[in-house]
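Q: Below, each chain spelled out in residue letters.
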Amino acid sequence: MVQYVAARLDASFSALADATRRGVLEELERGEASITELANRFQMTLTGMKKHVAVLEEAGLVKTEKVGRVRTCRLGADGLAAEAAWIERYRRRWALRFDELDKVVEDLKREEEANGRT
Amino acid sequence: MDGHNDAPETGRTVVTRKSDRELVVTRIFDAPPRIVFEAWSRAELFRRWWVPETLGVPLRACEMDVRTGGAYRLEFGLDAANSMAFFGRYLEVTPPSRIVWTNEESGDDAALTTVTFEERDGQTLLTLSELYPSKEACDEAIQGSAAGLPEQFNQLDALLAAGF
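As you go down the protein sequences, you meet chains S and L in turn. The first sequence begins at 1 in the numbering used here and counts up by one. The second sequence begins at 1001 in the numbering used here and counts up by one.
These are calculated hints, taken from the structure and not from any lab test. Don't take each hint at face value.
[To be verified] Listing some non-contacts, in silico: residues in chain L with all C-beta distances to chain S over 10 Å: (1) Glu-1038; (2) Ala-1043; (3) Arg-1048.
[To be verified] Stretch-level coverage of chain S by chain L, calculated; a stretch enters the list once three of its residues show a Cβ under 8 Å from a Cβ in chain L: (4) 89 to 97; (5) 101 to 111.
C-beta atoms are modelled at their ideal positions from N, C-alpha and C, and glycine is treated no differently.
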C-alpha cells in the first residue's frame, strides 16, 4: 500500500515539477474547467495544454471527461493532488535551505584549504 | 525521477514518504561529514542557511546548545509582536554523524527529527527524517496545510519564502 502510494506520488512529483501544471491544479482547485478555457487562461495552444493535462491525468492528479466536443477537467477525487502539492512545497523548502547550506559548506571547505596551506 | 533512490545526485533534494508516519529528505553535499555537521551545529553558520537572508524573514533569535540533552530556540519575525518561535531539545548528538531533536512548539503531534551525515567517497549523504507519532499526525501535517490550498497555491513563492 505504501509502495503503491509512493509510486503514485513519484509520478505526482514529476507532474508538479512544471509551473504551468501547478497553475492548472490551482485553477482546478477553484472549480472544473475545459481544456480550451485552461489554454486561454495560460495563453497556450490547445495542443500544449492537452499535453500538460495528459501528464496530470497520468499522475492521477486530474480527471477529464468528454461531453460532446468539450473535455472537462477536474481534480482527481482522492486528495492526491493536495498531498502531492504539499510534498512538493515541502521538498522545495528543503531544497532552498540546502542550496544555502551548500554555500556555507563551500565556504568552510575553502577556509579549511586556506588554513591547510599556511 | 526516482524518489526511492537513497543516493541522489549531488545537489538534488529528494523527498520520500517513507511510511505512514515518516517523511524523508535526502541530499548529497560535496564535502566530508565533519564539515556539513559543523555547518549544522554552529549557530552562527546555521542561521545563514536555515532561513536564507535573501527571503526577507528575519531570524530574531537563534540559540542552539547542540549536545545531547541541550535545548534550542529559533524565533522568526519582523518584531516581537509578529514573531513565531520554534523550540525543542536535542535527544542525541553524535558528531559528526547524527543529530536527533524534538519540535515542541507543535505539541503532542510533533514529529521527531533525525538528521544523519554519512560519508560517501569524500562526500556527505544527508538524510533528514521527520517521524510523526502516528499516521494521523503525519496526514494532519500534510492535509492540514493542504486544506487552505487555493490561497497557498497562489502564494506558493511567498510561502516558500516564509519557510513553511
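Q: Looking back at the hints listed earlier, which ones does the structure fail to meet?
A: 1, 3
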